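Asker: Here the sequence shown stands for residues 38 to 223, where the numbers follow this note's numbering.
Keep in mind that the hints are not guaranteed to be accurate.
Unchecked claim - Result set (DSS-like, lysine-lysine): computed pairs, CA atoms no more than 30 Å apart in a straight line:
no., residue 1, residue 2
1, 151, 176
2, 176, 65
3, 151, 65
For the record, the hints were derived by calculation from the structure and aren't laboratory data. Given the structure is predicted, the values throughout are model-derived calculations rather than measurements.
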Amino acid sequence: MLHADPIEHWQVSHLAALDYDALMNLFKSLEAPALGDVAGEYAGIDYLGQSEETFAAALERVKAGDGIFWLGKGIPGEEGDGASGYNRLRTPDGTVLRRDRFGVHRGTSPIDGKETLMLKYSDFDNAAGSIGFLDEVRKVNDNLYLCTGTPEEGSGTPGFFFLAGPPAPFHGVDDRESELHEGAVV
């Protein structure tokens, strides 16, 4: 794959211009970010695909229902031992919510068997957790990450999204008592 710009200078537009197969090949060639590399609140951009069908599906995911719009993710820069992140959502009145939590872990990718940074929704009691949604994060450069989102703990068909920095500070979820499984301790 020949590119005019070196990958360390890539921006979201470079990823968005690729088709699904090219994104998957790129994902498999990338490494997981090092511990602490992904820390803060990142802008989230859903891969729109290159057809009306994929664009419509991506638009529905980004809208998140009820006029809510997905802004991105907050990731603490820590992994395991209760480390958790969240999604940032904008409501129609402009309020930014920090919810839809996930656990942050280092693990083996169900996609390619490589080490990956996993965002595991089933660690919490929310809609994405109920379907075993699992995100994986791979580093493109210091301010850009290529990510997959896959149901069934990674055994379903992956979709793509991008996280772009520089990040804002990590704030933490709005309600630390929310989305906990029964019997979980904060």
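Asker: None of the hints should be skipped; say for each whether it holds.
Answerer: Going down the list of hints, with the structure as the test:
Annotation: proposed proximity of residue 151 to residue 176 holds, straight-line Cα distance about 13 Å (limit 30 Å). Restraint check for residue 176 and residue 65: the C-alpha separation of about 11 Å stays at or below 30 Å, so the hint holds. Between residue 151 and residue 65, the direct Cα distance comes to roughly 8 Å. Compliance with the 30 Å bound is thereby established for this hinted pair.
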